[in-house]
Structure formats: C-alpha cells, structure tokens
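Given these sequences and hints, build the entire structure.
Quick note: the sequence shown uses numbering that gives the first Met the number 0, first residue 0, plus one each step.
Quick caveat, the hints were computed from the structure, so don't treat them as lab data.
Any given hint could turn out to be false.
Said to hold, decoys possible - Mimicking SDA-like on lysine to any residue, the simulated pairs with C-alpha atoms at most 25 angstroms apart in a straight line are: (1) Lys336 x Phe319; (2) Lys412 x Glu398; (3) Lys214 x Phe148; (4) Lys75 x Glu92; (5) Lys336 x Gly56; (6) Lys374 x Gly56; (7) Lys332 x Glu310; (8) Lys336 x Asp55.
Said to hold, decoys possible - Derived DEER-like restraints, expressed as beta-carbon distance ranges: (9) Thr307 x Ala119: 47 to 53 angstroms; (10) His413 x Ala187: 17 to 23 angstroms; (11) Asp425 x Pro188: 18 to 24 angstroms; (12) Ser45 x Glu398: 32 to 38 angstroms; (13) Asp218 x Gly411: 34 to 40 angstroms; (14) Gln227 x Thr359: 28 to 34 angstroms; (15) Pro394 x Gln230: 45 to 51 angstroms.
Since this is a predicted model, take the numbers as computed values, not measurements.
C-beta: ideal position from N, C-alpha, C; glycine also.
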Amino acid sequence: MLRLMSTIRSFIVASSILSTAVLVMTILAATARADFPDVEQLPERSTLPDPLAMFDGTPVRTAAEWRERRRPELIKLFEWYMYGAAPAAPQVEASTDSVDEVLDGKARMKQVTITFGPSAEKRAGRINLLLFVPAGKKQPAPVFLGLNFRGNHMVLAHPAIHLPRLWMPSGPGMVDNRATEAGRGLEAPHWPLEKVIERGYAVATFYHGDIKLDKPTWDDGTPSLYFQPGQTAPAEHEWGTIAAWAWGLSRAVDYLSTDPDIDARRIAVFGHSRNGKTALLAGALDERIALVIPSQAGCGGTSPSRGTVGESVERINTVFPHWFDGTFKKFNKATSKLPFDQHCLMALVAPRPLLLTNATGDQWANPTGQFEMLKAAEPVFKLLGTEGCGAAEMPPENELVNTHLGYFIRPGKHDMSPVEWAQWLDFADKHLPK
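So, in structure tokens, the structure goes:
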C-alpha cells in the first residue's frame, strides 16, 4: 500500500495534463493487472529516465536493490512498451549433422541442428547453427556468437555448408529470394574466420530467418508456434521480431553451454545493425552471456529513442513494423513519454562488459548519441562494482576505449569489417572471464 501511494504521488506531480482522479484510477487498474499504464497516461520527461530510480520514483541505492527490484522491473518495462515478451525457455535438443576440417586444418566446422517448441506436438522450431572451433585446442574455447543476414553458406565458401531453403532478402547470390550456389562465401570478407580462430576463439552463427523471417508477416517461424487457436499475429505486448531473434540467440546459448569444445563461461554475443539490436537485447536478458558487442545498432538498439540525429522511432516503426511490439508504435510522436531509454537496456548488461562500435560515416545510427547512452548507463555498472567507461568524451577515430564499458569508432560507413573484429578480439582478450 505504501508503494502504491508513492506511485500515485509520483504520477500526480509528474503530470500536468490528466486529472488526479484519472491518474489514480489508471494506477489502481495497472496495479490490479500487474502491468503498466497506457502510453497516453504516462508523464512526459524532459530528461533521461534514471536507471537507478524505480518506476514510482523510489531511488535504488544498493546492488541488491538493483538485482532484486530494478533489474526485473526494467525488463518488464522493455517487454511491455517496446520489444514484447517472449515465451519461457523451452527444452532444446541438438544433433551434429557434420564435422569438417576447414581453414587449412586450423579449424573444425560443425553443423548442428537445434530443435525446440512449446510442446512435443509443436517441436518445429529449428536453428541451423554453424560452429567453427580451433583445431588441436586442448581446453574449451571462448566463442563469438552472432546472427547472419543471408545464410550460413555466405560466411565461408565451403561446399559442405548446407544451403538454406528459407526465403532470403534479395541480393547477390539469390534467385527469387532463395539461396543459390553462387552465394557461397560472398560475406566472407565480413567474417575473418581465420584470424579469429588464430586468436583462440570459436565462432558460431545462424541465419536470423531460422527464427523469424525479416518481413512483416507472421505465418512463418518460431512465433507462430506459440499462437493460440485463431491467432495470426503477436498480441500487443507479445514479442516482435527482434525479441524473437534474441530469444533464438539464447537457444543457441542453450546448446553452446553443453558443447565440450566451448567454454560456457566465455560466450560473447555480437551483431551488426539490426542484428546488433538483437545482440544487445539478448545480452541484457540472458546473464549466461559473458560479453556483449552491438555494432552500429542505432535506433531501437544503442542510440537514444529521444535522439534527433539519424533514424527516429517513428520511421523505424513505419519501415519495420514487425520489429517491435504493438505498444512501441504509440511512442512514434511521443518519445518523451518513454519510461526508459536505451541506456537502461545497456544497464541490464551490468556488470558484464559491453562494447559499442560505430563509423563516422554512419550518422543514421547516431554514434554520438550512442556514446551518450553508454555514459548514461555507467552509474549502474559502477554501483555493481565495475570501472565503467574510461573516456569522458567520445574518442577519436580508430582509438579503442578498452574499459569495461568500451567504445570504438572508425572512418567509413555502415558495415561489418575486419577492423571491427580486431577491436572485438582485443576487447574480449581483456574482458572475458579468464
């Protein structure tokens, strides 16, 4: 009751639009439903929400209060207002389809099928995981896990890699949105596997379409397995595509945690662009992930939703209506009402290390705003006993801020290149558990 009255007082002070009676009724109803107020009834905020203040304004002063109260609350807020809630983790099963020697004998390449579903009758969920492990390594290897955009066969030109049979975005190596032999290895320049293997790391990847195709339809992929009879799309607060992809990364973590070639304590998740948004969300929610690297993740990922540079919430919801839940669209013209911003999602990674990488020619992703989000998350990391970010200002090009909250920006445009990988490896060398 005391907490409820505190919530009521907070809303009364914060709002100059709605009457006290309406606000009280809204909060009472929200409390009874164990959810949050409608977007229209949220107060506008002239400053960033404090990650160390509860939804009702109560300050969070200790690590225990963060873990027991604020962290769970923030997760629920993001699920309710932005990404949508995913189902509980299912039981997964895995089978190794093939093992091949690759990269002139420097690595073993495994193709693993991971299956899952809401029930024995609906075990139709499938991830085709491609895993490269350093050959001859006596100890389990740390691993970089990340989604790819157009199929495992594009990561390395090897005839044994299965061609995906799913719909693919148009582009080189595709015919009628289907993969062809001509696509083998086309993305290899973005995946410097040999260098990563030589540094002692494994690499795991799968096509994000294994979980959900990147298109605004819902008759495909994992989410449809969880629909109720007659349901054709997620409900307003159920998972959007990015949440589904992040859930899929956790299913890969389920498997990697059991593979004797992999050190389950040293799983790093990375991703570029929309896959970077996904990597950050997965890292925020899944504490088995030891290190998180979202690269050029931009709006809906690492840049501020309240930002005025680059992509906006309204545009991303218009062009990609399937990425987020139905509620997030209500913030298109009302981002000041968001009870969080992306620094709060970064804070959910704490105390694990987090690295953002960007490019000066990619202002659409708002690199400066991303650095500001990183700094705004710092109080949570420090509360939990880490060093935070070692730079007071955004660093110059090609200078890695290799502290617990890291940052790197290079010349160039929106791309995933060996330049990023070199920084990721240096960061992982220092910050993954030993």
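Here is how each hint holds up against the structure:
| no. | hint | in the structure |
| --- | --- | --- |
| 1 | Lys336 x Phe319 | holds (21 angstroms) |
| 2 | Lys412 x Glu398 | holds (17 angstroms) |
| 3 | Lys214 x Phe148 | holds (13 angstroms) |
| 4 | Lys75 x Glu92 | violated (28 angstroms) |
| 5 | Lys336 x Gly56 | holds (15 angstroms) |
| 6 | Lys374 x Gly56 | holds (21 angstroms) |
| 7 | Lys332 x Glu310 | holds (13 angstroms) |
| 8 | Lys336 x Asp55 | holds (14 angstroms) |
| 9 | Thr307 x Ala119: 47 to 53 angstroms | holds (51 angstroms) |
| 10 | His413 x Ala187: 17 to 23 angstroms | holds (19 angstroms) |
| 11 | Asp425 x Pro188: 18 to 24 angstroms | holds (20 angstroms) |
| 12 | Ser45 x Glu398: 32 to 38 angstroms | holds (33 angstroms) |
| 13 | Asp218 x Gly411: 34 to 40 angstroms | holds (38 angstroms) |
| 14 | Gln227 x Thr359: 28 to 34 angstroms | violated (47 angstroms) |
| 15 | Pro394 x Gln230: 45 to 51 angstroms | holds (48 angstroms) |
The earlier numbered hints that this structure contradicts are 4 and 14.
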